[in-house]
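Numbering (numbering that gives the first Met the number 0), first residue to last: 0 to 304.
Take these hints with a grain of salt, some might be off.
With a Cα cut of at most 20 Å, we get these calculated SDA-like pairs of lysine to any residue [said to hold, decoys possible]: (1) Lys162 with Thr111; (2) Lys72 with Asn59; (3) Lys162 with Ala223; (4) Lys98 with Thr128; (5) Lys205 with Ser191; (6) Lys250 with Leu275; (7) Lys72 with Val117; (8) Lys247 with Asp90; (9) Lys96 with Tyr114; (10) Lys252 with Pro268; (11) Lys98 with Thr124; (12) Lys264 with Lys252; (13) Lys98 with Leu45; (14) Lys72 with Leu62; (15) Lys247 with Asn286; (16) Lys264 with Ser191; (17) Lys98 with Thr296; (18) Lys205 with Pro155; (19) Lys96 with Phe127; (20) Lys72 with Pro34; (21) Lys72 with Val109; (22) Lys162 with Lys72; (23) Lys170 with Lys89; (24) Lys89 with Pro155; (25) Lys162 with Thr128; (26) Lys162 with Lys89; (27) Lys98 with Pro297; (28) Lys89 with Thr111; (29) Lys162 with Lys244.
Just the calculated beta-carbon pair ranges, DEER-fashion [what the hints assert, rightly or not]: (30) Asn261 with Glu82: 36 to 44 Å; (31) Pro271 with Glu97: 22 to 30 Å; (32) Lys72 with Thr111: 22 to 30 Å; (33) Glu214 with Glu97: 37 to 45 Å; (34) Arg253 with Arg224: 36 to 44 Å; (35) Ser160 with Val273: 36 to 44 Å; (36) Thr75 with Trp129: 20 to 28 Å; (37) Glu82 with Thr118: 35 to 43 Å; (38) Ile303 with Lys250: 15 to 23 Å.
Quick caveat, the hints were computed from the structure, so don't treat them as lab data. Remember, predicted model here, so these are calculated numbers, not experimental data. Backbone N, C-alpha and C define an ideal beta-carbon position, used for all residues, glycine too.
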Amino acid sequence: MPLRIPDKLPAIDILKEENIFVMDSSRAHTQDIRPLRIVILNLMPLKITTETDLIRLLSNTPLQLEITFMKLKSHTPKNTPIEHMMMFYKDFELLEKEKFDGMIITGAPVETYEYEAVTYWEELTGIFTWARSHVTSTLYICWAAQAGLYYHYGIPKYPLSMKMFGIFRQKALSPILPIFRGFDDYFYMPHSRHTEVRREDILRNKELTLIVESEESGVGMVMARNGREFFITGHLEYSPDTLDKEYKRDKGKRDDVGVPVNYYKDDNPSEPPVVLWRSHANLLFSNWINYYVYQETPYDINEIE
Numbered sequence: 000m001p002l003r004i005p006d007k008l009p010a011i012d013i014l015k016e017e018n019i020f021v022m023d024s025s026r027a028h029t030q031d032i033r034p035l036r037i038v039i040l041n042l043m044p045l046k047i048t049t050e051t052d053l054i055r056l057l058s059n060t061p062l063q064l065e066i067t068f069m070k071l072k073s074h075t076p077k078n079t080p081i082e083h084m085m086m087f088y089k090d091f092e093l094l095e096k097e098k099f100d101g102m103i104i105t106g107a108p109v110e111t112y113e114y115e116a117v118t119y120w121e122e123l124t125g126i127f128t129w130a131r132s133h134v135t136s137t138l139y140i141c142w143a144a145q146a147g148l149y150y151h152y153g154i155p156k157y158p159l160s161m162k163m164f165g166i167f168r169q170k171a172l173s174p175i176l177p178i179f180r181g182f183d184d185y186f187y188m189p190h191s192r193h194t195e196v197r198r199e200d201i202l203r204n205k206e207l208t209l210i211v212e213s214e215e216s217g218v219g220m221v222m223a224r225n226g227r228e229f230f231i232t233g234h235l236e237y238s239p240d241t242l243d244k245e246y247k248r249d250k251g252k253r254d255d256v257g258v259p260v261n262y263y264k265d266d267n268p269s270e271p272p273v274v275l276w277r278s279h280a281n282l283l284f285s286n287w288i289n290y291y292v293y294q295e296t297p298y299d300i301n302e303i304e
């Protein structure tokens with residue numbers, strides 16, 4: 000089944016060129032199907048890029064998904080046209096009485112700030128709390144993963160002397176979990192962060208399960224509440240050229256950012272990137288939708304609690 004997304008969203012034309020079938024809201028209304036409702040809180044600065052990246056991955060499922068984009072009332076993005084935000088995004092206060100089968104909360108460029116110093120922290124933590132009773136399963140990505148672990152479970156973050164930047168090999172520690180159905184023994188995940196959470200803090204908390212780890216990049220993925228919460232410290236959703244753009248943006252401007260590891264052919268920035276994570280990214284998002292959203296959510300969405 001195709002994705003059901005807002006009419007005229009820029010991602011529609013981009014993904015159609017990639018032969019990914021998406022359905023706008025007008026056509027979807029003609030189908031008598033109860034779609035899974037997925038809400039995305041997009042905190043990334045380049046929102047159109049992130050929308051496209053996530054929709055590309057969510058499209059790899061036979062289920063029909065209805066995508067809603069949420070925004071914060073307490074924060075005005077600087078890198079996305081206000082017209083786009085007004086047309087495609089809804090404030091949390093307009094959605095807080097609704098329920099959703101799944102939720103994705105993205106990273107944000109605020110990781111070097113203390114959590115409480117982030118201007119929208121109060122509104123964001125209200126959404127974290129709301130999700131526990133209004134969403135069947137929530138994916139927290141990168142900074143949102145660190146923020147969610149801190150808010151819900153008291154897990155601290157630690158600054159890194161050099162940015163964790165590149166493509167790092169990961170190992171699933173609980174390979175029998177449905178989220179890893181079809182995974183190889185090892186897989187790769189992009190990382191782009193200046194802070195980290197540490198395994199010893201995760202292991203001390205009995206409510207958390209460390210399910211992915213890397214010898215190079217540390218904690219990769221944490222599960223809580225039997226899969227109602229996943230915290231992913233990397234960016235499986237990234238496009239092939241995202242790290243390249245970040246590297247060229249920061250080159251010569253920061254002394255804590257090097258060439259992304261295991262990314263360019265022969266580690267040469269003049270060569271094109273080598274994509275090592277695409278297949279497992281598609282598989283993880285499909286498994287999440289199938290086993291932790293579709294298989295667990297009630298048919299009557301109002302019964303989510």
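To see whether the hints hold, each was checked on the structure:
| no. | hint | in the structure |
| --- | --- | --- |
| 1 | Lys162 with Thr111 | holds (11 Å) |
| 2 | Lys72 with Asn59 | violated (31 Å) |
| 3 | Lys162 with Ala223 | violated (27 Å) |
| 4 | Lys98 with Thr128 | holds (13 Å) |
| 5 | Lys205 with Ser191 | violated (28 Å) |
| 6 | Lys250 with Leu275 | violated (23 Å) |
| 7 | Lys72 with Val117 | holds (14 Å) |
| 8 | Lys247 with Asp90 | violated (33 Å) |
| 9 | Lys96 with Tyr114 | violated (26 Å) |
| 10 | Lys252 with Pro268 | holds (16 Å) |
| 11 | Lys98 with Thr124 | holds (17 Å) |
| 12 | Lys264 with Lys252 | violated (24 Å) |
| 13 | Lys98 with Leu45 | violated (27 Å) |
| 14 | Lys72 with Leu62 | violated (31 Å) |
| 15 | Lys247 with Asn286 | violated (34 Å) |
| 16 | Lys264 with Ser191 | holds (19 Å) |
| 17 | Lys98 with Thr296 | holds (11 Å) |
| 18 | Lys205 with Pro155 | holds (16 Å) |
| 19 | Lys96 with Phe127 | holds (14 Å) |
| 20 | Lys72 with Pro34 | violated (27 Å) |
| 21 | Lys72 with Val109 | holds (17 Å) |
| 22 | Lys162 with Lys72 | violated (30 Å) |
| 23 | Lys170 with Lys89 | violated (37 Å) |
| 24 | Lys89 with Pro155 | violated (31 Å) |
| 25 | Lys162 with Thr128 | violated (30 Å) |
| 26 | Lys162 with Lys89 | violated (33 Å) |
| 27 | Lys98 with Pro297 | holds (11 Å) |
| 28 | Lys89 with Thr111 | violated (27 Å) |
| 29 | Lys162 with Lys244 | holds (15 Å) |
| 30 | Asn261 with Glu82: 36 to 44 Å | holds (39 Å) |
| 31 | Pro271 with Glu97: 22 to 30 Å | violated (43 Å) |
| 32 | Lys72 with Thr111: 22 to 30 Å | holds (24 Å) |
| 33 | Glu214 with Glu97: 37 to 45 Å | holds (42 Å) |
| 34 | Arg253 with Arg224: 36 to 44 Å | holds (37 Å) |
| 35 | Ser160 with Val273: 36 to 44 Å | violated (26 Å) |
| 36 | Thr75 with Trp129: 20 to 28 Å | holds (21 Å) |
| 37 | Glu82 with Thr118: 35 to 43 Å | violated (23 Å) |
| 38 | Ile303 with Lys250: 15 to 23 Å | violated (46 Å) |
Hints 2, 3, 5, 6, 8, 9, 12, 13, 14, 15, 20, 22, 23, 24, 25, 26, 28, 31, 35, 37 and 38 from the list above are not met by this structure, while the remaining hints are.
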